[in-house]
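Engineer: Sequence:
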Amino acid sequence: MTQIAKVRELKPGNIAEVALKRESACGKQCSQCAGCFSEARVIAVDASNEARADVGDTVVVESSSGRIISIAALVYLTPVLTFFIAYFCLASLSAVARISLAGACFFAGFAAPFFYSRRLSGRSNSGFYKITRIIVP
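Heads up, the sequence shown is in numbering that gives the first Met the number 0, so the first residue is 0 and it goes up one at a time.
Read the hints as simulated data drawn from the structure, not as lab findings. Treat the hints with care, since some could be wrong.
Simulated DEER-style distance windows between Cβ atoms [unchecked claim]:
| # | residue 1 | residue 2 | range |
| --- | --- | --- | --- |
| 1 | 134 | 107 | 30 to 36 Å |
| 2 | 59 | 98 | 46 to 52 Å |
| 3 | 135 | 84 | 51 to 57 Å |
| 4 | 11 | 119 | 17 to 23 Å |
| 5 | 8 | 75 | 31 to 37 Å |
| 6 | 110 | 0 | 49 to 55 Å |
| 7 | 0 | 106 | 20 to 26 Å |
| 8 | 18 | 80 | 34 to 40 Å |
| 9 | 21 | 132 | 18 to 24 Å |
| 10 | 53 | 76 | 37 to 43 Å |
| 11 | 70 | 131 | 19 to 25 Å |
| 12 | 83 | 133 | 46 to 52 Å |
Pairs of lysine-lysine residues, derived as BS3-like cross-links and limited to a Cα-Cα distance of at most 27 Å, are as follows [claimed, not checked]:
| # | residue 1 | residue 2 |
| --- | --- | --- |
| 13 | 10 | 129 |
| 14 | 20 | 129 |
| 15 | 20 | 5 |
| 16 | 20 | 10 |
| 17 | 129 | 5 |
Ideal Cβ positions, reconstructed from N, Cα and C, are used throughout, including at glycine.
Please build the complete structure, drawing on both the sequences and the hints.
Structural biologist: Encoded structure:
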């Protein structure tokens, strides 16, 4: 996925802090569906400065689609899989007990994405974003 961003600050280790708009999944094609109610907000992220951009430059930032898909799979599939695994592994219990325990496992399935998110929040995301080129005005 590529986005247009502006370089805010240069950091050691060939890292640049860039400001980019957080895009929605639909790509903000509001004229087609008229369903968007959220405002796009600007976020600051660290990016690998492979294009040697300077402060104030408008740049093209590329993010790893594979990593986005794997994180989305973790967030959406883990709770569902824990529910079904628990439901079928607890076949010897009554239906009410199976559903109750499987439901508890569903909510416990949110723990893995939560702790993964906490682990990532303290790290630099420069490996996730990469400045590929500078846009000349």
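Engineer: If a hint holds in the structure, say so; if it does not, say that too.
Structural biologist: Here is how each hint holds up against the structure:
1. Distance hint check for residue 134 and residue 107: the Cβ-Cβ separation is about 46 Å, which falls outside the suggested range of 30 to 36 Å.
2. Look at residue 59 against residue 98: about 50 Å separates their beta carbons, and that is inside 46 to 52 Å.
3. One distance hint, 51 to 57 Å for the beta-carbon pair residue 135 and residue 84, holds here, with the actual separation near 54 Å.
4. Our hint of 17 to 23 Å for residue 11 and residue 119 holds, since their Cβ atoms are close to 21 Å apart.
5. Under the hint 31 to 37 Å, the C-beta atoms of residue 8 and residue 75, about 34 Å apart, fit the expected range.
6. Here the CB-CB span from residue 110 to residue 0 is close to 28 Å, at odds with the stated 49 to 55 Å.
7. Taking 20 to 26 Å as the suggested C-beta distance range, the pair residue 0 and residue 106 does not conform, at roughly 31 Å.
8. The given range of 34 to 40 Å is respected by residue 18 and residue 80, whose C-beta atoms sit roughly 37 Å from each other.
9. Between residue 21 and residue 132 the beta carbon distance is about 21 Å. The supplied range of 18 to 24 Å therefore holds.
10. Evaluation of the 37 to 43 Å hint for residue 53 and residue 76 yields a pass: the beta carbon distance comes to about 42 Å.
11. For the pair residue 70 and residue 131, the supplied restraint of 19 to 25 Å holds, since their beta-carbon distance comes to about 21 Å.
12. A hinted range of 46 to 52 Å holds for the C-beta pair residue 83 and residue 133, which are about 49 Å apart.
13. Note on residue 10 and residue 129: the hinted pairing holds, with a Cα-Cα distance of about 14 Å set against a maximum of 27 Å.
14. Distance hint between residue 20 and residue 129 is fulfilled; the C-alpha atoms sit about 15 Å from each other, no more than 27 Å.
15. Using a Cα cut-off of 27 Å, the hinted pair residue 20 and residue 5 holds, with the two alpha carbons roughly 10 Å apart.
16. For the proposed pair residue 20 and residue 10, the alpha carbon gap of about 21 Å is at most 27 Å, so the pair holds.
17. Note on residue 129 and residue 5: the hinted pairing holds, with a Cα-Cα distance of about 13 Å set against a maximum of 27 Å.
Checked against the numbered hints listed earlier, the structure breaks hints 1, 6 and 7; every other hint is satisfied.
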